[in-house]
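K.L.:
Sequence:
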Amino acid sequence: MPRFFVAPEQVQGNSVTVTGPEVHHIKRVLRLGPGDIITLLDGCGNFWESSIESIAGEIVHCQVLRQGRAGGEPPLRVVLVQGLAKGDRMDTVIQKGTELGAAAFWPVFCKRSVVRLDASKKASRLERWQRIAIGAAKQCCRALVPEVAEPLEWSAALDLIPPGALVLIPWENETSCALKDTLQGRPRPDEIYLLIGPEGGLEHQEVEEACRLGGIPVTLGPRILRTETAGPATLAMILYQWGDLGG
0 MPRFFVAPEQ
10 VQGNSVTVTG
20 PEVHHIKRVL
30 RLGPGDIITL
40 LDGCGNFWES
50 SIESIAGEIV
60 HCQVLRQGRA
70 GGEPPLRVVL
80 VQGLAKGDRM
90 DTVIQKGTEL
100 GAAAFWPVFC
110 KRSVVRLDAS
120 KKASRLERWQ
130 RIAIGAAKQC
140 CRALVPEVAE
150 PLEWSAALDL
160 IPPGALVLIP
170 WENETSCALK
180 DTLQGRPRPD
190 EIYLLIGPEG
200 GLEHQEVEEA
210 CRLGGIPVTL
220 GPRILRTETA
230 GPATLAMILY
240 QWGDLGG
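Residues in the sequence shown are numbered consecutively from 0, following numbering that gives the first Met the number 0.
Heads up, a few of these hints could be off.
Each computed SDA-like pair below joins lysine to any residue, with the alpha-carbon atoms no more than 25 Å apart [stated by the list, open to error]: (1) K137 x G42; (2) K179 x S119; (3) K179 x H203; (4) K179 x K121; (5) K121 x C140; (6) K137 x E202; (7) K137 x V63; (8) K85 x E202; (9) K121 x E152; (10) K179 x G220; (11) K121 x I160; (12) K85 x S119; (13) K137 x G71; (14) K95 x I51; (15) K137 x P20; (16) K110 x I215.
Quick list of the computed label-pair ranges, beta carbon to beta carbon [said to hold, decoys possible]: (17) N45 x D87: 27 to 35 Å; (18) E98 x R222: 18 to 26 Å; (19) V113 x V63: 27 to 35 Å.
Note that these hints are calculated values from the structure, not bench results.
From the three backbone atoms N, C-alpha and C, an ideal C-beta is built for every residue, glycine too.
Go ahead and model the full structure; you've got the sequences and the hints to work with.
P.N.:
Okay, structure coming up:
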């Protein structure tokens, strides 16, 4: 059944109005019309199975048939703190991370980040990344759309991590503390912050700064992964061990 996201205020009792880009998808791409059944989600975990009543211009009017809480979310929250990367690598991280179950993405400027964004570029990139998260959430039948935060400096992002939270730092210079042992050696937390460096990795100073806040550097194994691979790969390992990946 086609799935579309709406804002909570678009739901009024048993009626839902769909506006914005989703209308184009309904009308032009899928060529749906009155009588077709679709699923509407508010991105906060609620769903409304609805029948299209009419399409007037750029507004789709729907009648609710059934509502409830949507599933598809992991039992723990993983925030991917990703060093800004060049080209479409951030797009890949957000798309694949959303499919795997990331709860949020924090893009960060690191010492080795090549990308530098002015105010206008920040706004356009942020809008693009959020669209990618919405599309990926629809494709993989998630109930929630991960939030993509505005790009932050490394230190500012660390300051936002709650005290006592589990912070994991996959790092190519760590050789003794394996991610596998770290996950198997402790009970499942409610929330994890996963820190990934950009191309070229994190500098020692950045890792030390994170360690002072309780961060744990871990090794993923003998192969060094690209920045766009490391985050989704680690996320998959975490959600296999503590989440719902693998069934």
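K.L.:
Below or equal to 25 Å on CA atoms is what counts here, so check K85 against S119.
P.N.:
Holds. K85 to S119 sits at ~17 Å (cutoff 25 Å).
K.L.:
Is the Cα-Cα distance between K179 and K121 25 Å or less?
P.N.:
Judged against 25 Å, a Cα distance of about 36 Å means the pair is violated.
K.L.:
Is the Cα-Cα distance between K137 and G42 25 Å or less?
P.N.:
Between K137 and G42 the Cα gap is close to 10 Å, so the pair holds against 25 Å.
K.L.:
Please work out if K137 and G71 have their alpha carbons no farther apart than 25 Å.
P.N.:
Since the Cα atoms of K137 and G71 sit roughly 11 Å apart, the hinted pair holds (cutoff 25 Å).
K.L.:
Would the hint linking K137 and P20 be met if the CA-CA limit is 25 Å?
P.N.:
14 Å, holds
K.L.:
For K95 and I51, compute the direct alpha-carbon distance and say whether it is at most 25 Å.
P.N.:
31 Å, violated
K.L.:
For a C-alpha distance cap of 25 Å, please report whether K110 and I215 respect it.
P.N.:
Holds. K110 to I215 sits at ~20 Å (cutoff 25 Å).
K.L.:
At the C-beta level, are E98 and R222 separated by a distance inside 18 to 26 Å?
P.N.:
22 Å, holds
K.L.:
Holds or violated: K121 and E152, Cα atoms, limit 25 Å.
P.N.:
13 Å, holds
K.L.:
Check the hint pairing K85 with E202 against an upper bound of 25 Å on the C-alpha distance.
P.N.:
Roughly 18 Å between the alpha carbons, so the hint for K85 and E202 holds.
K.L.:
Hinted pair, alpha-carbon criterion (25 Å max): K121, I160. Please report holds or violated.
P.N.:
This hinted pair holds, its Cα atoms lying about 22 Å apart.
K.L.:
Verify the proposed pairing of K179 with G220, using a straight-line Cα cut of 25 Å.
P.N.:
OK: K179 and G220 at ~10 Å, within 25 Å.
In this structure, the earlier hints numbered 2, 4, 5, 6, 14, 19 are contradicted, and the remaining ones agree with it.
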